[in-house]
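Position chain E relative to chain F; hints supplied.
So the sequences go chain by chain: F and E. Numbered according to numbering that gives the first Met the number 0, the first sequence spans residues 0 to 132. Numbered according to numbering that gives the first Met the number 0, the second sequence spans residues 0 to 132.
None of these hints come from the bench; they were simulated from the model. Treat the hints with care, as some may be off.
As a list, the in silico SDA-like pairs of lysine to any residue whose alpha-carbon atoms are at most 20 Å apart [as the list claims (entries may be wrong)]: (1) F:Lys83 <-> E:Phe128; (2) F:Lys19 <-> E:Asn37; (3) E:Lys2 <-> E:Asn37.
2 protein chains.
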Amino acid sequence: MSKKAVMAIAHGNFAIELLKSAEMIMGEQEDALALGLNPGEDVEALRNQAEKILLNYQQEGKDTIVLVDLLGGSPSNIGLYLLKKYEISLVTGMNMMMLIELFSSRDFEETDALLDKMITAGVAGIQKFIGNH
Amino acid sequence: MSKKAVMAIAHGNFAIELLKSAEMIMGEQEDALALGLNPGEDVEALRNQAEKILLNYQQEGKDTIVLVDLLGGSPSNIGLYLLKKYEISLVTGMNMMMLIELFSSRDFEETDALLDKMITAGVAGIQKFIGNH
Numbered sequence: 000m001s002k003k004a005v006m007a008i009a010h011g012n013f014a015i016e017l018l019k020s021a022e023m024i025m026g027e028q029e030d031a032l033a034l035g036l037n038p039g040e041d042v043e044a045l046r047n048q049a050e051k052i053l054l055n056y057q058q059e060g061k062d063t064i065v066l067v068d069l070l071g072g073s074p075s076n077i078g079l080y081l082l083k084k085y086e087i088s089l090v091t092g093m094n095m096m097m098l099i100e101l102f103s104s105r106d107f108e109e110t111d112a113l114l115d116k117m118i119t120a121g122v123a124g125i126q127k128f129i130g131n132h
Numbered sequence: 000m001s002k003k004a005v006m007a008i009a010h011g012n013f014a015i016e017l018l019k020s021a022e023m024i025m026g027e028q029e030d031a032l033a034l035g036l037n038p039g040e041d042v043e044a045l046r047n048q049a050e051k052i053l054l055n056y057q058q059e060g061k062d063t064i065v066l067v068d069l070l071g072g073s074p075s076n077i078g079l080y081l082l083k084k085y086e087i088s089l090v091t092g093m094n095m096m097m098l099i100e101l102f103s104s105r106d107f108e109e110t111d112a113l114l115d116k117m118i119t120a121g122v123a124g125i126q127k128f129i130g131n132h
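With the rest of the complex left out, here is chain F (with noise of 0.2 Å):
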């Protein structure tokens, strides 16, 4: 079983900071990073570090999973970038169900499989109450 890595990456601190929460609830967790591209701030050096990042893994024999907030936008075409370029799985439309999936499983299961498991509980986590008055 190969040892899965995260990346996140998305417009401002939302990916650090629902890394950060994630490992409220879950603990805190190893090979696991969060980016942030701020207004103004050079695209171009954010995707050198993600790459970076990446590189690092792999040469742990790391199998790396990069989330992404949406389709669309810099971070995101920072993660089809390492999509063309390395071996990776891109994740989007993170949410805090997926991670908590994503901590949960990642040890018991092959990449694939995880990748489906964040899928169907990141999706199941969305749901609607509406009240009765």
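Quick look at chain E alone, frame taken from chain F:
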């Protein structure tokens, strides 16, 4: 068409930063607030704060949509408490596409249709991409 207000609640700073990141993409939003619960903080104080915000929105005649990170845990307990007591809508599993849809459509859709659009967008935004190497 009633005005819709948004209150996002999550563990840590996730909701606060997701809202900021969504505003980075969509522009600054009126009637949109986010709250966080950090370790050691008082859940009852947060619930009171959320209730005050909601009552204020209601006095202004606004339909309130409460977003939380996941079903389970204190943020969703606060959401469920408000759902039982007041006429609000509660949506779990918030992610970026859900917020973008919310802010794009809330002035043009009734609340029920808006909730369905948010859920559809949140779910559709969750996708995986696997490279061909």
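These are the hints, each one checked on the structure:
1. At roughly 10 Å between alpha-carbon atoms, lysine 83 (chain F) and phenylalanine 128 (chain E) fall within 20 Å of each other, so this suggested pair holds.
2. Pair hint lysine 19 (chain F) plus asparagine 37 (chain E) holds up; C-alpha atoms about 10 Å apart against a cutoff of 20 Å.
3. With a CA separation close to 30 Å, the supplied pair lysine 2 (chain E) and asparagine 37 (chain E) exceeds the 20 Å bound.
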